[in-house]
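**Student:** Produce the complete structure using the sequences and hints provided.
Residue numbers (our numbering), protein chains in the order written: chain A, 1 to 468; chain B, 1001 to 1060.
You may find that some hints are simply not true.
Only pairs whose alpha carbons sit at most 20 Å apart, straight line, appear in this in silico SDA-like list of lysine to any residue [claimed, not checked]: (1) 323/A <-> 100/A; (2) 323/A <-> 1016/B; (3) 323/A <-> 1021/B; (4) 367/A <-> 445/A.
I should point out that these hints are in silico values taken from the structure, not numbers from a laboratory.
A quick note: this is a predicted structure, and the numbers were derived from the prediction, not measured.
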Amino acid sequence: MKQALDVAREIRQGTTTAAVVLAQTEARIQALNPGLNCFTTTTFKRARREAAAIDALRARGAILPPLAGVPYAVKNLFDIEGAVTLAGAKINESNPAAARDAHLVARLRAAGAVLVGALNMDENAYGFTTENTHYGVTRNPHDRSRVCGGSSGGSAAAVAAGIVPLSLGSDTNGSIRVPASFCGIFGLKPTYGRLGRGGSFPFVNSLDHVGPFAANVDDLAALYDVLQGPDPTDPACAQRPADPVATRLGTIVGLRVGILHGWFHEWSDAAARRSVDLAAGALRSATGVQPKGAELKSAAAARAAAFVITAAEGGTLHSARLKSRYAEFEPQSRARLVAGSLVPAPWVVQAQGVRQQVYEEAMGLFKRFDLLLAAATPVIAPVIGTETLDINGHALPMRASLGLLTQPISCIGLPVCSAPLWPDGNAAGAMPLGVQLIAAPWREDVCLAAARALEQAEVARVSTSLGL
Amino acid sequence: MPNSSAEEYVRAALALQGYAFDTAQIAEIALQFSRIEAVAHTLLEFPLPWGSQGAPVFRP
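**Tutor:** Dropping the structure here:
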């Protein structure tokens, strides 16, 4: 599969057409999706209309928008005009179809991108594995016996498999970074409030982020730039001007890198630590500065705050239907949702207070560092159906624990790019395990510049030999 | 295994909020609640400065 920006350029130059690119994408979906189960819906009729409009624009000699003719797909919690927004839940199938596109889908439509479908996810975004009882498990393209991560699992697997070059997901506790890590692609969780969430099915309003996936940093940055802009329908969307990054991802010479120790080291297994070491070595070469140890002392409390806020807000959001239609909810998460709706108010108030304290501690770290580095997941992608994780001798419930390293960061809204590392190199059966490149609020440019340095050093890479 | 006070709390809170579940379902919910409670302990032990502001609408 070609890069998104190459596709757009070839369509602009007339060496191919949007219709041809779409036909190739449809063929990839038909060939690969049955084995992976990334898509829950395809939107080929709309896609043909959008592709034809792009080709007509070019035939008239018009200037084409930046992603003209580039195919993409979205997690099925984004509204698509005329389609029912599932958010991974069978219970939503009887909802009315969306009256209009979600804010980010509308922005991509305006940028000329071609929507080919909606992607599988954990029900209500409450999970890290995309083992969806109603719509099936989405399998990891690198090893189909393993999970692809979640909750934006379909979004990551579709890009990793080369079906589409771009996709959208959401991240409340790690739902972009975990699947990006397991599937070996790039994902960006922007600063809280940077991208508008209008028309996306909510989970935890005080923690929900939306963001892009891509197979390389240039595509990721270009997509991120297209997505930026005010969203009057999302009260959390920051009143800040767009801050395009794609044309200014320059050198990172002199960048001060802190390697997160403490909690982040303790909950990283040997493979995760190798990914961090590989990334740190490459960043040292690219920056010319030796990375130093850094510690976010309140990380455990931050993770706990995220866990409690998620349980309480998520459970409360669904409590009415949990009372009347419990049997129709995902068996993997429905009892957790109910339990969350019972969380005492003082715990939530304490969690919001802790969050502010953690944020202030992190801002102190950014006086000493420009970038913080940690593994994205404690382990490589577990085998489908795994119940218990062993992390450095600690047995933990798998589905609730894959976000141990991502939750303390999203809890305080920092921007993070997940970059695909390969801790076992090119060994047979090697699986990816990504790293988090974390910057101060609104400095997505730093995250992406660091990701590009890792990509240029060929330490972060997207495998194209999936054996599909 | 949830402790007895957590299970009693869950039973009372379910009734208060108008949920109706059978014994097996209550046991599963109580197990999940006990996991949240275990994580929450870390949080509740965190010392907050008196009068510190929370972040209910978080704006970096």
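**Student:** Out of the numbered hints, which ones does the structure contradict?
**Tutor:** Result: hint 1 breaks, nothing else.
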